[in-house]
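Using the sequences provided together with the hints, build the complete structure.
Numbering (mature numbering (1 follows the signal peptide of the UniProt record, and there is no 0)), first residue to last: -20 to -1, 1 to 524.
Incorrect hints may appear among the rest.
[What the hints assert, rightly or not] Have a look at the derived ranges for each label pair, beta carbon to beta carbon:
hint, residue 1, residue 2, range
1, Gln30, Thr275, 18 to 24 Å
2, Gly405, Ser266, 48 to 54 Å
3, Gln448, Asp272, 53 to 59 Å
4, Gln30, Asn363, 37 to 43 Å
5, Ala300, Gln269, 35 to 41 Å
6, Lys278, Ser382, 17 to 23 Å
7, Tyr217, Leu252, 32 to 38 Å
8, Gly451, Ala414, 24 to 30 Å
[Stated by the list, open to error] Okay, derived cross-link-like pairs now, EDC-like style, lysine to aspartate or glutamate, Cα gap no bigger than 20 Å in a straight line:
hint, residue 1, residue 2
9, Lys271, Asp99
10, Lys420, Asp399
11, Lys278, Asp99
12, Lys278, Asp442
13, Lys271, Asp260
14, Lys478, Asp297
15, Lys114, Asp146
16, Lys278, Asp94
17, Lys420, Asp442
18, Lys114, Glu189
19, Lys114, Glu182
20, Lys114, Asp55
21, Lys420, Glu452
22, Lys271, Glu452
23, Lys478, Glu452
24, Lys420, Asp146
Honestly, the hints are just simulated from the structure, not real lab data. Note that the structure is a prediction, hence the values are computed from the model and not measured. No residue lacks a Cβ here, since even glycine has one placed at the ideal position from N, Cα and C.
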Amino acid sequence: MKLIPIVILSVQALSGTVRAQIQTTSGIVSGHEASNATGVTEYLGIPFAQPPVGSLRFQPPVALSSPSSIVNGSDFGFACMSSYALKPPQGNVKGANLTAAGLAIILPDEEVGDTFSEDCLTLNVWVPSGGEAKKAVMVYLYGGTFLTGASSESLFNGQNIAGQEDVIVVTINYRTTIFGFPGNPALTNLNVGLLDQRLGFEWIHDNIEAFGGDPSRIVGFGQSAGSASLDFYSFSYPTDPVLSGIILESGTVQLIAPLPNNTAAWFGTAALVGCGNSSDSTAVASCMQTKDALTLIKAASAATWAPIVDNITIFSDYPARSLAGNFSHIPILIGNNDDESTLFAVQAELQNQTASASAIATGNLQSFTCPSGSRANASVAANLATWRYRYFGEFPNTELTSYPDSGAWHGSEVPVIFDTLPQPGNGIPASAEAEVAIGKYIRGAWAAFAKNSTGGLLTYEDGWPAYQPGGETLIRLGYNNLTGTNTVSSGTYDVGCKVTFPLNGANPTTSPSPSPTSTPKSSVASGLVVNAWGLVALAFLVLL
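In structure tokens, the structure reads:
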């Protein structure tokens, strides 16, 4: 990719001091001091594409053709349209035995207060002062089952990582649900939400030097659907990744089974809003572009929306592509949490359903442990710098339920890494000393990878060994709530997978028996609903 020259109006790049205004391809962006992190300047709500409205609805994002004179970077942009624009889900809170912390995490206030719009393709930049003149860049993609999520969520505020680790942090909005994955058979590009991510990465590459960043050191990191997006991305752009490395937290291409098509959902929604059926695809599409966004999202909420196989951004043959090494040849840090599916058990309880221990174990193995091992093994086979971790941290202020124990559930590492843990009070305990230390340790590791993706972790603290399948090279983070490098053989947790390389596409053995160290802590009864990949099919998940 050719770097677009940017005029630096107010940055002293050599000293690393960032001031208030930056010239970008979106215009002159005005920044301000971050609220909590001393010495960090934040630039919020920067548009990186034309508003995807009218004739651009359901279409690939289009770069800005005429930048604004001034972009007021004082506020986050709109959240992209999702079912949350109608009414955030609640559920049977009492029956789920949620703690005060669980209420704050599962039903966050910031979701209720979000402002939604189709004009949502914006990003946010946090820049620390001092330190390196050209800083490494960490770009975060949120999860949300490709149905919801926003870069404005307080959970993903990048100021603390930026200030503590001397890196630039960027968060990107991308379209979800019918607006990001429309299913219109008349379209060539069916996954425009994934194309939003690509254009965001390109904008960062072309502009980050003006903020004091190093365009050769841009690392993507994400959780769940955000992590899966990065893995999808690595297969879509094997020769032009823009990124210098990726950090995958609890999500790979195996997390959500791509749809072969989604025409039924598309035309069903079209019929609900008065745009007819499949007799004239072009006329239906034109009609759908005229409908009010809230009307569309209300009609679309009854259908399933997810990435679709289009052989551009999503493929049906990932195992074969993995074997061939047909993905971006960049370093990777990949892992998952020890008790991923306990979150889904809580979500099931909110729906007056229950989840069996065996279903939780199967979900942990099928959707997270085995795919993480598979992807790590493929990376090692391609002779790429690879690290693999498993997160165990369990603390009172992230405990979801009063009973049973929720453990290191899906997404529990996110506020620890971002240092955005729930504020104490109203029944929520203060952060534990060990929790603060573990968060600092993990932030440092993620930043070390961003600063030097091929070798930064080898010399971080007491050193992280590069991952080797079967070797004692899997890093246990927060194991027994301790910091430091605790290594173990990956076979300890891959015991239920097909352990011969590659794990790609492998299903767990019948009735897997998880290692005693990873036994699910829930003992609720049967009935957890999972899809073909073992992922709980609950559309309202906050963090997924």
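Going through the hints against the structure:
no.	hint	result
1	Gln30 - Thr275: 18 to 24 Å	holds, 23 Å
2	Gly405 - Ser266: 48 to 54 Å	holds, 52 Å
3	Gln448 - Asp272: 53 to 59 Å	holds, 55 Å
4	Gln30 - Asn363: 37 to 43 Å	holds, 41 Å
5	Ala300 - Gln269: 35 to 41 Å	holds, 37 Å
6	Lys278 - Ser382: 17 to 23 Å	violated, 35 Å
7	Tyr217 - Leu252: 32 to 38 Å	holds, 36 Å
8	Gly451 - Ala414: 24 to 30 Å	holds, 28 Å
9	Lys271 - Asp99	holds, 15 Å
10	Lys420 - Asp399	holds, 8 Å
11	Lys278 - Asp99	holds, 18 Å
12	Lys278 - Asp442	violated, 52 Å
13	Lys271 - Asp260	holds, 17 Å
14	Lys478 - Asp297	holds, 18 Å
15	Lys114 - Asp146	holds, 10 Å
16	Lys278 - Asp94	holds, 17 Å
17	Lys420 - Asp442	holds, 15 Å
18	Lys114 - Glu189	holds, 7 Å
19	Lys114 - Glu182	holds, 18 Å
20	Lys114 - Asp55	violated, 26 Å
21	Lys420 - Glu452	violated, 24 Å
22	Lys271 - Glu452	violated, 56 Å
23	Lys478 - Glu452	holds, 18 Å
24	Lys420 - Asp146	holds, 13 Å
When each numbered hint is compared with the structure, violations occur for hints 6, 12, 20, 21, 22.
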